[in-house]
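All chains, full assembly: derive it from the sequences and hints.
The chain contents come next:
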Amino acid sequence: NAGVTQTPKFQVLKTGQSMTLQCAQDMNHNSMYWYRQDPGMGLRLIYYSASEGTTDKGEVPNGYNVSRLNKREFSLRLESAAPSQTSVYFCASSESIGQPQHFGDGTRLSIL
Amino acid sequence: GQQLNQSPQSMFIQEGEDVSMNCTSSSIFNTWLWYKQDPGEGPVLLIALYKAGELTSNGRLTAQFGITRKDSFLNISASIPSDVGIYFCAGRINSGGSNYKLTFGKGTLLTVNP
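Here the protein sequences come in this chain order: A and B.
Note that our numbering has the first sequence beginning at 1, numbered continuously upward.
Note that our numbering has the second sequence beginning at 1001, numbered continuously upward.
Since the hints were derived computationally from the structure, they do not count as laboratory data.
Keep in mind it's a predicted model, so treat the numbers as computed, not measured.
Using N, Cα and C, we set each Cβ at its ideal position, and we do this for glycine too.
A few of these clues could be false.
[Unchecked claim] Computed Cβ-Cβ distance ranges for the label pairs, DEER-style:
1) A:D56 / B:Q1014: 31 to 39 Å
2) A:V12 / B:T1068: 42 to 50 Å
3) A:M41 / B:L1045: 15 to 23 Å
4) A:P8 / B:T1068: 40 to 48 Å
5) A:R108 / B:G1016: 29 to 37 Å
6) A:N62 / B:S1027: 41 to 49 Å
7) B:I1067 / A:P100: 47 to 55 Å
8) A:L112 / B:T1068: 42 to 50 Å
9) B:N1005 / A:N28: 33 to 41 Å
Following this line, the structure appears as structure tokens:
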């Protein structure tokens, strides 16, 4: 009954460090997404993957990269973390692009 | 780009009261979704609406897709303490290359006093 699993749940980084956030879904969904959630800003799309083998930019892609490792897994990488990237990051998946999305429980990332 | 205005931003109510919140858009949507987020967790889908005028219930929750396709509302009847959380609306335009994009409202924070 896992759904969408994100690791780690919490992380503290220093400015300039790199980090990869992991996401896996067990619902056999084709599409996966990465969002960030900041106070007063709602959810903003960083990158998405419509299907295995494809990735595209969302609203706020700068400073991030993604990899769709296989159908189950979609990772988000911060190459050189900045304090402005302090946020809660959510991974989501859907059966296909545009279908209702199912979210993980988030990764709380602080960058000092 | 599309913008969603969700109101109210926050609500403080007594247990047993009914609640109503809504979202309006500057664009026409063909899907409206309502999510709830509990503290420390991710958003959970409550109701999905696909047709103008559609009215859908999920237990004590009822949501409607506005006739103009630019708005949606969510009602909660007979609120209970576990209704506490942030409620998000999200809308989607079916327009080819933008088919991926869900636009989220900024959320309504609901507090229920026992």
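Hints, one by one, checked against the model:
The given range of 31 to 39 Å is broken by D56 of chain A and Q1014 of chain B, whose C-beta atoms sit roughly 46 Å from each other. Restraint check, V12 of chain A to T1068 of chain B: a C-beta distance of roughly 46 Å satisfies the suggested window 42 to 50 Å. At roughly 21 Å, the beta-carbon separation of M41 of chain A and L1045 of chain B lies within the given 15 to 23 Å, and the hint holds. The given range of 40 to 48 Å is respected by P8 of chain A and T1068 of chain B, whose C-beta atoms sit roughly 44 Å from each other.
R108 of chain A and G1016 of chain B have their C-beta atoms about 34 Å apart, which keeps the hinted 29 to 37 Å range intact. Checking the proposed 41 to 49 Å range against N62 of chain A and S1027 of chain B shows it is violated: the Cβ atoms sit about 25 Å from each other. Under the hint 47 to 55 Å, the C-beta atoms of I1067 of chain B and P100 of chain A, about 22 Å apart, miss the expected range. In this structure the supplied range 42 to 50 Å holds for L112 of chain A paired with T1068 of chain B, their Cβ-Cβ distance being about 47 Å.
Taking the beta carbon of each, N1005 of chain B and N28 of chain A are about 36 Å apart, inside 33 to 41 Å as hinted.
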